[in-house]
Amino acid sequence: MRTHLLGLLARVTAGILFPLVLGASGCCGCPMGLCTSLMKGLPGPGSSPPTTGPSLGVGGGAGASEAEAEEGEPSAPLAPEGAQAERQPVHGSAQEPSLSLDSRLPMRGALQKQANGKTRFVPHSATAAAPIGDGSSFVVAGVTGLWQHDTKTLAKRSRLVPGPVLDVAAAPDGTRFAYTLSGGRVRVVEYPSLKQSAAATVDVPVRMRFSADGKHVAFGSESDTVTLLDVATGKTHVFDTDEDVNDVFPMPDRPGEVAYASDDDEFAIVDVLKGRKVFGSEPLVERWRSTNRPFFTMRDQQAVAYDPVTKTLIGGGDDNMLWRVDDLRGSPSIRSPIELGGNVVEIACCAGQTAVDRAAYVAVDDLRVRAVALDGRLGPQFGPLMSSVGSFKIRIALVPSGDLLIAPQGTLYRWVPRTGEALRSSDYAAPAALSASALDADTVYVLCDTGVCMVHRVAHGAPAADVETVILGDLPGLGMRAILPFDGGTRAIVTSKDNKLRLVYLASGGALEAPIDTSAEASFGEKYARRDGGTHGCILPGGDVYEITASPRGARKVGTAAGSGPVSSFNWDVASKRWRIGRGAHGFVYVP
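Residue numbering for the sequence shown follows full-length UniProt numbering, starting at 1 and increasing by one per position.
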């Protein structure tokens with residue numbers, strides 16, 4: 001069983017082409033059979049695609065109050081906050097999307113009160129998105145709240161719930177949605193009235209989905225449970241799977257049954273109401289393995305879905321395979337899996353009105369999304385956003401118009417498979433790409449893009465739903481190596497020029513100061529450590545130790561660490577009042 005710690009680390013650590021017109025559950029299809037004709041030229045079943053091309057609930061603001069959110073029983077419908085400033089989306093190609101930020105645009109986020117009572121700037125980051133109503137709007141769950149957007153323009157319209165919100169899902173007809181807060185608190189809200197219709201507390205879910213009729217919500221948890229919520233009564237039923245559950249999918253043909261993908265190396269179906277397992281993929285996979293790949297081992301399954309039109313059960317996970325089970329209610333059989341070049345982490349099912357046109361959108365962990373017909377042919381592709389596979393998270397949702405909402409690594413896109421167009425929201429950042437220094441008074445960011453680094457700052461103040469950073473100017477140097485904070489709010493931003501370290505100081509509330517060049521070699525691999533409120537140390541790979549001070553401004557060499565081998569540790573030793581360096585087989589040495 002995967003431990004909760006490993007699961008957390010994995011999270012810490014997103015012309016005319018196959019013109020599917022998508023619906024949340026296949027409401028729309030390919031007009032005049034265009035999909036069928038275009039699919040004839042695509043690779044056949046079981047073919048591999050070309051190798052090229054390609055977490056989660058408190059803040060200030062309006063909507064349900066913080067007290068109501070804690071109690072979980074808001075007495076009135078959600079109260080949307082006022083309209084936010086609009087920003088144009090970034091247009092691009094689905095084959096060349098990027099996670100990088102435009103450093104010349106202000107970053108956006110919320111000022112949120114923290115547990116220690118202080119206010120901090122938190123960049124907007126998207127966890128999941130779901131279309132609501134007729135699809136002209138959608139909601140985004142993220143660390144700063146639950147936000148409503150315009151689907152066509154991606155404009156942020158209002159915040160419905162203060163953040164953080166762990167997840168969001170919507171009923172296929174768009175008439176209600178559910179969101180999850182910390183501690184597994186779930187709220188189901190009617191749309192467009194925004195009136196709460198159900199509330200419950202479940203094991204903290206990693207995934208939730210509505211049933212096809214919108215009457216139930218299924219939850220999967222790393223606490224080894226599948227939970228089914230009856231929206232009308234508010235009652236929950238729980239099934240213990242004995243393994244971490246990574247995805248759930250309510251079966252549309254049998255209310256009460258839920259398909260799930262788990263760390264038990266299979267996808268399965270359980271009757272939650274009767275408390276029994278009714279299907280498991282392991283025997284079918286083992287039968288296929290014995291004939292086709294004797295040394296193949298199935299691994300953790302991460303995603304599962306079921307298509308009621310073709311009656312196909314779909315699953316995928318860490319074995320890089322997309323599996324399809326036919327005749328589920330009769331004599332189940334498994335087809336040769338489709339290899340997609342990475343771990344399958346998400347399945348959005350399904351598109352097209354007829355069995356011939358049915359397709360799913362499948363995401364793999366290099367942040368790539370691929371249209372896959374249920375007979376195995378491959379269609380349009382979005383991404384990849386990463387050059388290699390890894391523990392990269394991505395969520396996708398089908399929009400009635402035929403577009404897809406894609407939330408990879410905290411960012412947000414709308415992809416149009418018919419044209420290949422990809423629009424990126426300018427509101428959401430990729431947190432892993434940010435270099436920041438947060439103090440009591442403000443937060444400073446250094447964003448680098450296309451060789452230019454810009455310095456941003458946002459002052460901390462009263463809680464606010466949507467604020468922007470102020471751009472102080474470009475960083476005069478090559479790249480950004482460290483941001484060193486001093487008492488009083490001054491910072492030294494370390495960059496380089498002519499292969500030497502360069503310091504650019506920024507006083508609290510002030511402007512960027514003139515750069516100061518040092519004699520320190522700018523070879524990557526240096527380490528930094530704080531001595532006191534006015535001094536930081538820097539040790540270079542060769543062993544030279546420098547002290548960087550706020551007063552006077554600048555850096556001076558204080559010695560060289562003896563020995564050879566890489567520097568394993570670097571810190572100020574209070575007892576000896578010297579820098580303590582761990583270096584290779586020499587143990588600890590001290591400077592000066």
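Don't take every hint at face value.
[Said to hold, decoys possible] The calculated lysine-lysine pairs, modelled on DSBU-like cross-linking and capped at a C-alpha distance of 35 Å, are:
hint, residue 1, residue 2
1, LYS235, LYS274
2, LYS152, LYS274
3, LYS393, LYS152
4, LYS215, LYS235
5, LYS393, LYS557
Worth flagging that the hints you see were computed from the coordinates, not collected in a lab.
Note that the coordinates shown come from a computational prediction; the quantities given were computed from them, not determined experimentally.
Cross-check of the supplied hints:
1. LYS235 / LYS274: holds, 15 Å
2. LYS152 / LYS274: violated, 43 Å
3. LYS393 / LYS152: holds, 24 Å
4. LYS215 / LYS235: Between LYS215 and LYS235 the Cα gap is close to 12 Å, so the pair holds against 35 Å.
5. LYS393 / LYS557: violated, 44 Å
Violated hints, in rising order: 2 and 5; the structure is consistent with all others.
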